[in-house]
Amino acid sequence: MKTSTIITITAGVLVLSACSGFLDVKPTNSGDAKTAVRTAGDAQVVINGLMRSMTSVNYYGRNFILYGDARGGDLTIASQGRGQDALYTFNHTASSNSYSGFWSHLYDGILQINNLLENIASVESEDSNEDFGAIKGQALTARALIYFDLVRLYGKAYTDDPSAYGVPNITTTLPYNAQPLRASVAENYEQIVRDLEAAAPLLPTTHTNGYLNYYANKALQARVFLHMGDYPGALDAAEEVINEGGYQLYANTDWNSSWTRQFGSESIFELGVFPDEADLGSGSLGFYLRRRAHGASTAAGWFMASDYFLNRLSEDEGDVRWGVMAQDESEDPHLGSCYKYSGSVDLVGDGKRDNNTAVNIKVIRLSEMYLIAAEAALPTDPSKAAGYLNEIRKRAPNLPPATAASITLDMIVDERSKELFAEGHRFFDMMRLNRSIEFNDEFAGITPSSRPKIIDRSFYRTILPIPTGEIYANPAIGQQQNPEY
Amino acid sequence: MWLGALPTAWAQESTVTGKVTDAASGTALSGVTVSVSGSDTRVATDNNGNYQITAASGASLSFHAVGYAEQQVIVRGTVIDVALAATNQALDEVLVVAYGTTTRGSFTGAATSVSAADIQDAASVSFETALTGKMPGVQITNSSGQAGAAPSIRIRGIGSMNASNEPLYVIDGVPATAGGSGQLGDYIYTSNNVLNTLNPADIESVTVLKDAAAASLYGSRAANGVVLITTKRGKIGKPTINLRSAVGFTPAWATDNYEAAGVQEQVDMLYQVFHDYRTSNGWTEADANADALNRLNGKFNQHGYYFETGGTGLYETVHIKGMTDGLVNREGSYYDWEDLLFRTGMYQTHDLSVSGGTENTKYYSSLSYTQDQNRVVINGFDRVSGRVNLSQKVWDKVELTTNVSVARNKQHGYNDTRNLGLNYYLQTRNLLWPLYWPDDYKTGEPFTGRYGSYAYNADYYENEWDNSANSLRLGINETLSVQLLPSLNLKTVFSYENNEVKEFLYYSANHFNGTTDNGLVHEMSTAYTKLVSSTTATFAKNFGLHGINLLAGFEAEKNETDFQRSSGSNLPASSLPSVSTAGKLDASGYSWGYNMLSVLSRAEYSYDQRYNLSASYRRDGSSRFGPNDRWGDFWSVGAAWNIRQEAFMENTSWLNSLRLRASYGVNGTQPISNYGWRSLVGYSSRYMESGGASLTTLGNEDLTWETSYATNIGLEFSLMNSRLYGTVEYFNRDSKNLLQSVPISLVTGFGSILRNVGEVNNRGFEVMLGYHILQSDDWQWSASINGSFTRSEVTRLYAAEGESEAQPIVWYDPTGGDSRAQFIYQEGESMLSFYGFEWAGVNREDGRNVWYVNNQDDDQAGDFLYNGRGATYDYSNANPTILGSAIPTVFGGLNTDISYKGLVLGLNFMYKIGGSLYDGAFKDVGDDGYYWERIRAQYYYDHRWTDTNPNGSLPKLLGTDPTDAMQHSSRQMYDASFLRLKNINLAYAIPAGLTQRIGLANARIYFNGTNLLTFSRYKIADPEVNQYGTRGWETPFAKTYTFGIEFNF
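Protein sequences, first through last, are from chains A and B. All letters in the first sequence, in the order written, are residues 8 to 492 by the working numbering. All letters in the second sequence, in the order written, are residues 41 to 1089 by the working numbering.
In case anyone wonders, no lab produced these hints; they're calculated from the structure. Everything hinted at is true.
In silico lysine to any residue, SDA-like type, Cα no more than 20 angstroms apart, as pairs:
{"id": "1", "chain 1": "B", "residue 1": "K570", "chain 2": "A", "residue 2": "D31"}
{"id": "2", "chain 1": "B", "residue 1": "K482", "chain 2": "B", "residue 2": "N341"}
{"id": "3", "chain 1": "B", "residue 1": "K570", "chain 2": "A", "residue 2": "L30"}
{"id": "4", "chain 1": "B", "residue 1": "K776", "chain 2": "B", "residue 2": "E799"}
{"id": "5", "chain 1": "A", "residue 1": "K33", "chain 2": "B", "residue 2": "K570"}
{"id": "6", "chain 1": "A", "residue 1": "K41", "chain 2": "B", "residue 2": "N714"}
{"id": "7", "chain 1": "B", "residue 1": "K570", "chain 2": "B", "residue 2": "G661"}
{"id": "8", "chain 1": "A", "residue 1": "K33", "chain 2": "B", "residue 2": "F603"}
{"id": "9", "chain 1": "B", "residue 1": "K433", "chain 2": "B", "residue 2": "R273"}
{"id": "10", "chain 1": "A", "residue 1": "K41", "chain 2": "B", "residue 2": "D742"}
{"id": "11", "chain 1": "A", "residue 1": "K41", "chain 2": "B", "residue 2": "E741"}
{"id": "12", "chain 1": "B", "residue 1": "K278", "chain 2": "B", "residue 2": "S77"}
{"id": "13", "chain 1": "B", "residue 1": "K598", "chain 2": "A", "residue 2": "L30"}
Construct all of the structure, not just a fragment, from the sequences and the given hints.
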């Protein structure tokens, strides 16, 4: 009896004393957050994760782009209820169709960046020999891009009221019980510019396909300055990209085929969308813009070009950009379906085998830089402006080139619509320029109760509400809700 | 009276005589069956309780009477007197408890048990379902009628928010894995419960431990109660072969479930939507009429119908005409989708077991096959299971017990979700117009396109997708028991459990979920292993009137799950849906787990069988917590007083037993999340074919145990010769440091964090009363009723650091992933408080929805006054508020058994009174205008407001979509009370004379009916709802008629 008792007790003691290891269990697919970044290689993996998160359905993968064009009146819908039509009808409240995915997803990106920067700072403080410069440059540029998009979604245009509420300006990781409040639009833009300027010298000038480089940073600066109404700043940045970046405008004969290729000569920042990773399949942007049931019964024909856009493009029936447009579901001739994100109107994709939805998202193209340069030069040097505009305008070969005498802001804005259609710009252009937007409600024969047919930036729904989920967890920000929500 | 015994083959036979009495009253018992175990010899006692039987010395005599515990006595000598104890209140009844057994008379805790006989006939693949309504304080709910769906068990309310509220399951002394298994849930909503691998026919008894004294020895997992399952063991005697077969049919659902309106009503309603839409945009009636007909034609011409109206008004009857340009003219004929997608389900089960034993060896072995075909055509479940339970005395003092079980479950055709394309039940109620046909009326070819946005030709798609889950579960449980001293026993248990789930999901290139990938197939394997080692020493000894029982031991547990997935797309042919044929491959694999270490001890003291005291202590360490809070202490104390045994009660002959118990203790709940305390970086965000990382979990290193403080007071009694018996229990459970995933500011980059957030109180009464109404030679009639009155309330919410006051927590019913109901945790309110907009009803003037504004500061604030309160037509102007609670006032069961000679009729009712149910599905079929393509329920058609039905309780059908149907509001709430005849069982034991002639020990035939009757005020669908009190698009429950036969050789 005694022997067995002793054995038992000994076994018990042994088991219990071994407990510290026995009770420390980790999964095999995740690492400890505190020690995940030790080298530049580790940091690059985090940058990969960040780029991937930009391809999310809640961001450049789909909704952010649709937001710019559906809200901007360049897109319309054929029927309500197919999905995402609230983007077009503005049928959103803080609690339903709130598009809170923008808020949560973009702040998740901010967290990843802040965490990465803090991890790098901690490794660097330990006298590491690792060179994190290019990583930091990408992280800061990405942070600027995300804040720029956030403040445009949730805050008034900088040119409208820079002292209005922007979004919480967070540059460190937050404790779980943090309840941050909104900064002003101006403070957000200050942060954006600060990050961009700090990042630029750290970045490589080589073309890093799928990632942010020095010229992507500069191109973003051009965009930001244009939105701030800082034309000299915008012109400087855009010209640097045009003149020194090593990018090339597509010739008219190449423009259409450029959509069947990845990382073309105009791509300054292009997000890689690959099968089995970022490919959204039947939820992809390409799917949302193609003709109903084209290639798959699940293609519901969500969005098509509005008559306003088509009329604009019809100024020249020979405009090369008709090449990515095709008949939509309507019976009369109506080339409303857009195939920029399907490769071509025959769904060839952009070079990934057997797949026409894994198509890269071209976030910044060189043609936009020409249009920014044109717009930024217009008040001071119309001749220069005309020169930049014509480089793009010639894609409609039958239109007369602009001259210093004939060029107008309208021409540039129209050209932006034609060239950057379905790339997420139109709405934000209308906001910053304080123009009105008219919606092609006749196409579906609807009269949305949630917005009038014509709106401008005085309409409260042009900025999104802070989602109720945020307000539940952070009541003080509820006091800073956007007006009328 | 003496019934002649048949000659037996046993040697050294002698005549044994004796008297059988009632243990409590001492009165003689007549009609008691006395039989020699393992032989055919049986007699019955006469009116004076006397019997005479021929038996060999050393044989085992068995005494059996209805209402009494069976007793076995080894024949030694020729006179054997026996006192039988009435069951239910039988103080000597052996009760399986934590780490051992005890007798009911000395137990200080609260426990309920049922035996094999109570659960064996129910037509159910899961044993839990058969417990419904039989155990006070135990609420068993089903969310789905899908084949293989497993119920959820709540013992004494809801003590946890985020952590599990399921009890701990212990099978043959070893904590078992329970709950959902497999990973298919990441793709479609499934229910694949490990416990379904357990064959109900193998179960000897199920004991539910409810209070701290009973359960605290299981420490950190005991707060929600413990379900102890004991499997069958062999009995001394010659081999018994048991053969049981049952076949059941499910020709109908148990209740109506959102029955769709007729085709005429549907067409008229859609016409009205289009018409109203146009007139409210300023069109004339004539134009609106033309447009509405045009839209109807546009939608249905291709299916062979066109439409006409007599006039141009809103309420025209639309004439449905057949197109004449096709192969057929469909006028007057419509397609019956229900006929295609539902069938008469079939249930069958076949069990074979052999058991027996000697003094040294006891064995039980079984083989079983069960098949459950659901009424939904693609859904089915089957199981093959086998078990060997063997115990062998190695030496005089050493016993080795080996339990080996193997089970293979196969489930296929999951479709239990609000997913519009895949759920056939939803399709028939909400999407498939009778005007749609599986074939094209012009060509006769299958119709392959979609009918509307979401309706699909299920006839065609049926072959284009598939899913299944095969589980193989192996359990090996070795117990070595050494009687070191007469009073000291050492027991060591080692158990290994392996459950491997292989899952398969396939969509062909023709299927709407597979087109973009040109066919898609996933094959997954999830292997769960669990190792448990526990060693306990028990010292039990009586010193005169004093008895002590001491237990000490330790336990270690290791849980590991390995997951692998391979996926293929670009499939060459639909005939070979397999990853190996795919053009493109993708794979993933990883593992996770958790470990536990524990020491445990218990002390019991009894005096003169009158006083019992007990105390327990357990210390648990778990890998689910950070190093700061890894260990927790759990304990209990309990006492019982057997009042009837006191001298002063000696003359109260009407009272047969009276016992008072009380206990207090502390036990815990573990978080569901294995790694909630750690911040983790995940590597699933690949980018351009390189690895990508992101912070996926925000850890909380200060996470600590949920702790429950439970008090229990119980009174057990029986009187009138034990004909009337009952139990009353009061309990109070305060649960503190509750874990909850709390929404946090999204600006942090995360939506929520696991935190200890608050406190909950559950308290109430449980009452069980039984009465043997008739006890004559031929007639036996007994009935019992039980009820549980439980209040579950959030008592406190902790303010987070830096907050001045705690935030209420809004959460959603997780069932089905469709956020069908919104709840709130708020101090002083029910644990299941529905939260949303308060619907005031329909304005009688114009049929529009009216919402109460519920402005906290001013009840009159709003766009107008309605019933004296501020109201609005626009829900977005209203404030959400608490709308009611899903927790019933009382729930329980009503059970009665009537037997006449060999015929036994058992009725098992379940009931629930009070509380609300939230219908998360009716919004789809009772929609007032948002959905243009869907069909609606007859209930909506009948109850909607129209010009001619101004008292309609549901809003007017509009084309302008003023109300988003997805809002959480009291419009979808109903009284949850119901009474259901859960089971009716009619069994006939074939007379012994007849069976013996054909060599059978006994034989029985039976009929079992499930869900045959339901009474409820909620008529739209089935009132038996899930544990959150909500209903969605899960497969409804069916009526099952089962016929069975059982033989014993």
